[in-house]
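**Student:** Construct the complete structure from the given sequences, taking the supplied hints into account.
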Amino acid sequence: MVRFEHVSKVYAGGQKAVDDLSLDIARGEFVCFIGPSGCGKTTTMKMINRLHEPTSGKITVNGKDIMQMDAVELRRSIGYVIQQIGLFPHMTIAQNVELVPRLLGWDAARRQQRINELMPMVGLDPAIYRNRYPKELSGGQQQRVGVIRALAAEPDLILMDEPFGALDPITRETLQDELKRLQAKLKKTIIFVTHDMDEALKLADRIVVMKEGRAHQVATPEELLRNPKDEFVAQFIGRDRLTDSPGTLLVREIMTKRLVTVDPQHGIAEAVVTMRQRHVNSVLVTDEQDHLLGIVTAKEIEEVKRGTVADVMRTEIPTVLPDAPAREAIGRMYLDGLDHLPVVDEQKVLVGLITRSSVAEVLSRSAWQDGGAA
Amino acid sequence: MDELMRVLGNASFQQKLLQQTLIHITLSGAAVLLALLVAVPAGIFLTRRQRLAEPVMTAVGLLQTIPSVALLAFMIPLVGIGTTPALLALFLYALLPILRNTYIGIRDVDPAAKEAGRGMGMTSWQMLRMVELPLAFRVIMSGIRVSTVLIIGWATLAAFVGGGGLGDTIMTGFAMVSTGHILAGGIPVTVMALLADFVLGRLEKVVTPRGIRV
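Taken in order, these protein sequences are the chains called R and B.
Here the first sequence is numbered in our numbering, starting from 6 and rising by one per residue.
Here the second sequence is numbered in our numbering, starting from -15 and rising by one per residue.
These aren't lab readings, by the way, just hints derived from the structure by calculation.
A couple of the hints might just be wrong.
[Claimed, not checked] Over the 12 Å line for every Cβ pair with chain B, so calculated as not near, a few chain R residues: (1) S61; (2) K190; (3) T324; (4) H345.
[Claimed, not checked] 20 Å max Cα-Cα, derived SDA-like pairs, lysine to any residue: (5) R:K140 with B:P193; (6) B:K98 with R:E167; (7) R:K140 with R:L180; (8) R:K140 with B:G195; (9) R:K140 with B:V93; (10) B:K98 with R:Q100; (11) B:K189 with R:T97; (12) B:K98 with R:A99; (13) R:K262 with R:S287; (14) B:K98 with R:Q89; (15) B:K98 with R:R107; (16) R:K140 with B:V191.
For glycine and all other residues, C-beta sits at the position ideal for the given N, C-alpha and C.
**Tutor:** Structure, rendered in structure tokens:
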């Protein structure tokens, strides 16, 4: 659908905004460009509808070189949504929505019909809102109009430049959900610029992480979370990795590494002291090579007051691999009523522990995120 | 006041005053209209050539600083006496407020609206007609109002170069040291200026779309 071939953009001052970018975007794909400010993501997007023109290289849309096309015609065939919304304040909602169809010369009846189709798609009743002016709508409603305005002339390709960046977090979430739903139904090709990793992970089929004008890493959200290319990407994902839904998290991402362990030869009294000091009600038993041997809980120690840890420890304990999906581990804990789930690798070496509190921490962080923390 | 009544009591003077008022209106109206025809397109042009804007604005501003009587006096060797020099001078005075407001009004249209328009595929002409002019309308209109009020006042000076208008009666008043004449000429000018301001203000309100009314 959209293809970049060695595209560069150098501004008049010699500043390189985009540097030898090559990328293929498939029909129906939802691609997010993300990166710190000044990384070239917006410039890249605006070259597609020729608001900026590439200095070198070639961009094709539907196989056609955009520099050979009429810029005005090209833009009319591409939906465009901007962060500042940009509704025309002197036009009614209906007039705003029908603008591109009007530029394209659709007749009034066809435009009317299109307005009546589009407005309900974003929950705006045409009977109520058609003749209102933008300033009479909330920010969220305005950007809904911004989105359907971009859809009005039925473009296959839609460019969105941080469309939800200026909205409050709750409205932003709602509009993201609506956009995702619309996209599932309409199957448009969407190119979406954002600096919000949560947003990119939630919406994108593919994420292009940009750095200094280059496509630094191009990957699906899942891949990006699992294999960030380097420290830059990892940092950019940062806290978001942990705050993502448990659905895509791995065990290693939710386990705690603050482990309380004892040697099997230790006496029980010593184990009790360790538990008290560390404020835990169980300890893991490991050998010198950190192989997991068993677990001792306060309950068992109460019953047997003498002997070594090795005498009282339970050895038949469920464990989980660090690369297993977190969802699976959490499911087992809750189904089997486990308080702890040790994480061991293939060599039975203890690498971490999932406890109810570590799970709660992950869930509460992601809930906090959903609730709209900035 | 008595003197004013005495002057106005004369039937042939009433006739003359009415005629002068009509000339005054025509002269001011024509000057503003001409200025409008020149300054609005020029203002639009300057928004497309922003580097020219400052020098042009300064030049037009300089015109405004020339004392009006001096400007009129300059006109005589160039275009003689009568209506022409008066109209020309008034036209030059009317330019600046309209030019400046057109330029600023269009330049300061919300960049988001401009970007949206361009990104949606408006041609430069469509952008001007559908976005820039409607959104700059109020600012341009207030420039026209300022010009009109200004010109109605300054049109009294047309009498100096034989341009006619209510300035004739005021000058007669000066010559005869007759307060009655000065008032008979001066009051209609003031009333006309206030009236023009009011009418243009109403017009502006009626024509402004509901979405951008304040």
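**Student:** Now look at each hint and say whether the structure bears it out.
**Tutor:** Status of each hint after checking the structure:
| no. | hint | verdict |
| --- | --- | --- |
| 1 | S61 | 23 Å, holds |
| 2 | K190 | 23 Å, holds |
| 3 | T324 | 56 Å, holds |
| 4 | H345 | 55 Å, holds |
| 5 | R:K140 with B:P193 | 12 Å, holds |
| 6 | B:K98 with R:E167 | 17 Å, holds |
| 7 | R:K140 with R:L180 | 19 Å, holds |
| 8 | R:K140 with B:G195 | 7 Å, holds |
| 9 | R:K140 with B:V93 | 16 Å, holds |
| 10 | B:K98 with R:Q100 | 16 Å, holds |
| 11 | B:K189 with R:T97 | 18 Å, holds |
| 12 | B:K98 with R:A99 | 19 Å, holds |
| 13 | R:K262 with R:S287 | 15 Å, holds |
| 14 | B:K98 with R:Q89 | 11 Å, holds |
| 15 | B:K98 with R:R107 | 17 Å, holds |
| 16 | R:K140 with B:V191 | 18 Å, holds |
Hint check: no violations occur; every hint is consistent with the structure.
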